[in-house]
Structure formats: C-alpha cells, structure tokens
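Protein chains in written order, with the working numbering: chain L, 1 to 143; chain Z, 144 to 286.
The hints are simulated quantities; they were obtained by calculation from the structure and are not laboratory data.
There may be inaccurate statements among the hints.
Here are the computed lysine-lysine pairs in the DSSO-like style, where the Cα-Cα straight-line distance is at most 30 Å [as the list claims (entries may be wrong)]:
#, chain 1, residue 1, chain 2, residue 2
1, L, Lys5, L, Lys57
2, L, Lys65, Z, Lys222
3, L, Lys102, Z, Lys222
Sample of chain Z residues at the chain L side, in silico, Cβ under 10 Å [as the list claims (entries may be wrong)]:
#, residue
4, Val180
5, Lys222
6, Val257
Since the model is a prediction, treat every value here as computed from it, not as a measurement.
Ideal placement from N, C-alpha and C gives every residue a C-beta, glycine not left out.
2 protein chains.
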Amino acid sequence: MKYFKYMMVTLFMTLLPVSCTSQKKEDKIDETSKMMVRIAEVEIEPEYLDEYIEILKEESAASVKLEKGVISIFPMFQKNSKTSIRILEIYANHAAYELHLKTPHFIKYKTSTVKMVKGLKLIDMYAIDSNNMPEIFSKLDEH
Amino acid sequence: MKYFKYMMVTLFMTLLPVSCTSQKKEDKIDETSKMMVRIAEVEIEPEYLDEYIEILKEESAASVKLEKGVISIFPMFQKNSKTSIRILEIYANHAAYELHLKTPHFIKYKTSTVKMVKGLKLIDMYAIDSNNMPEIFSKLDEH
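My request is simple: use the sequences and hints to build the entire structure.
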C-alpha cells in the first residue's frame, strides 16, 4: 500500500508540469487567435513626407510603449516610392484597437496629419500561422 | 599620486560599462540598418488555396527555424479576399536572402506552387524606425 501511494505521488508529480505546459500553450494559441492584424496603405503628399514620418515615428513608438494592447506598429516605406507608406499593425484584440483610437498620441497623429495624407486604405488581415507568431518575430531580439 | 591612481581606476571602471553598452547599441543599429525588408503580394488560384497555405506554412516555419539570416517570414491573407496573400519578409542582409533562395525548403516551395500562383509582386521596403525593430515586435513574446 505504501509503495502504491509512493507510485501515485510520483506519477502526479511527473504529469503536473506536462499538464501546466499544455494549458499554457492552449492559452497562448487562444490569445494569438484573437489578435487583430492589419496593413495600412498610406499615400503621403510629397511636400509633407519628412514631417509626416517624424509624427508617425513618434505615434507608433508611443503606442507600443504605452499601450498594453498594441502588440506592434511597424511602419515602412516603399523603396521605389517613398511617399507610399505601409504599416503592419497588430493589436491584442478588437477592444485594444478601440482603446488605441482614443489615446492622446493617436488623436494628435490623426489631426496633425490630415492635410498630409492623400490616400488611405486599411486592409484587415489574418495571420496564416498565428500560433507561431512569437517564434516568427523572436529573432529580432538577437539583432 | 596613489590617490590619483585610485581615482583613475575608479573612473575607468565607471566608464567601461557605459562605453560597452553604447558600442553594443551602435552595433545593433548598424545591423538593423542592413536588414532587407519586403512585402510579397501573392495571388493564388482559388482551387489551390488550402494546399498552397500548407506548403507556405511549412516553408516559412522551416526558413525561420533553420536559417540564421531569415529574421522573419510572416504570412497573412486578406480578410475579404482569402486568395490575396501578403508576406512580410525580413532578412539579416542581402547575402542572407541569396542563401535563402538556395535552400531545399525554398526550392521545394517554389517548384511545388508554380501552378498555384497567378500573380506575384515583390515590393522592397525600408523600415522607418529600424533602430527600434526589436522593441516593436518584443511584445509578441508576452502573447
């Protein structure tokens, strides 16, 4: 009987971490599948390009730094057309995006760039491999 | 004289970590500015969509896992047009991209999807705030 009890405790101690890891992984998958992913295509009036870029840099840095629900705002411009801006945006979920729209830094960006933006397309996306998103971007830390 | 020597050693010990950190940061900025960033716009023949997505998932996961120079391959599809695939690709530098083209997993992807792809545009991009790229994507680890 004593031996049986010992075996049961050992079995429990062995299975506990496996079950916790598996639960953690499921939570992670659940969270990443709620993420809102978007590509913003923004066309800028050439005479405002430098000014716009400064405002966008400030806004995107503030959003990632201050807002828990803004996972990433990654702004780029096209090599052969600098006035064609593309922004990869990742929010934790739709509520986080709604909150983002009400922040002072977003409102400042939006109002101060109205005259600079001549075209804007917001394209909602799905991540094809959302379960592996942390791994997909983890190497940036090494660079 | 002994006091002076002591002061100099203390000063050196104080400044050493600062100078190392600053050097490390400069190296990091230098490395991120060499990165090659691209958005691939791929249009898929509808009848091959599921098959294409499986091949793409396998290829992008293998690239990030096996190739040091592939920083990220992030595949997405448009919410309102699932056959419109967008892939954000980040390579450490141009040489890393050239190596990627010669890997067995890329060659397998390229040859097996030829008949599935009806349109392909490769758009070279610059990161607007390349110095902050690790910070931009660091929150994915928390999700």
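Okay, the hints, checked on the actual structure:
1. Lys5/L / Lys57/L: Distance ~62 Å between Lys5/L and Lys57/L Cα, so the pair is violated.
2. Lys65/L / Lys222/Z: holds, 28 Å
3. Lys102/L / Lys222/Z: holds, 25 Å
4. Val180: holds, 6 Å
5. Lys222: At 4 Å from the nearest chain L Cβ, Lys222/Z passes the 10 Å test, so the hint holds.
6. Val257: violated, 20 Å
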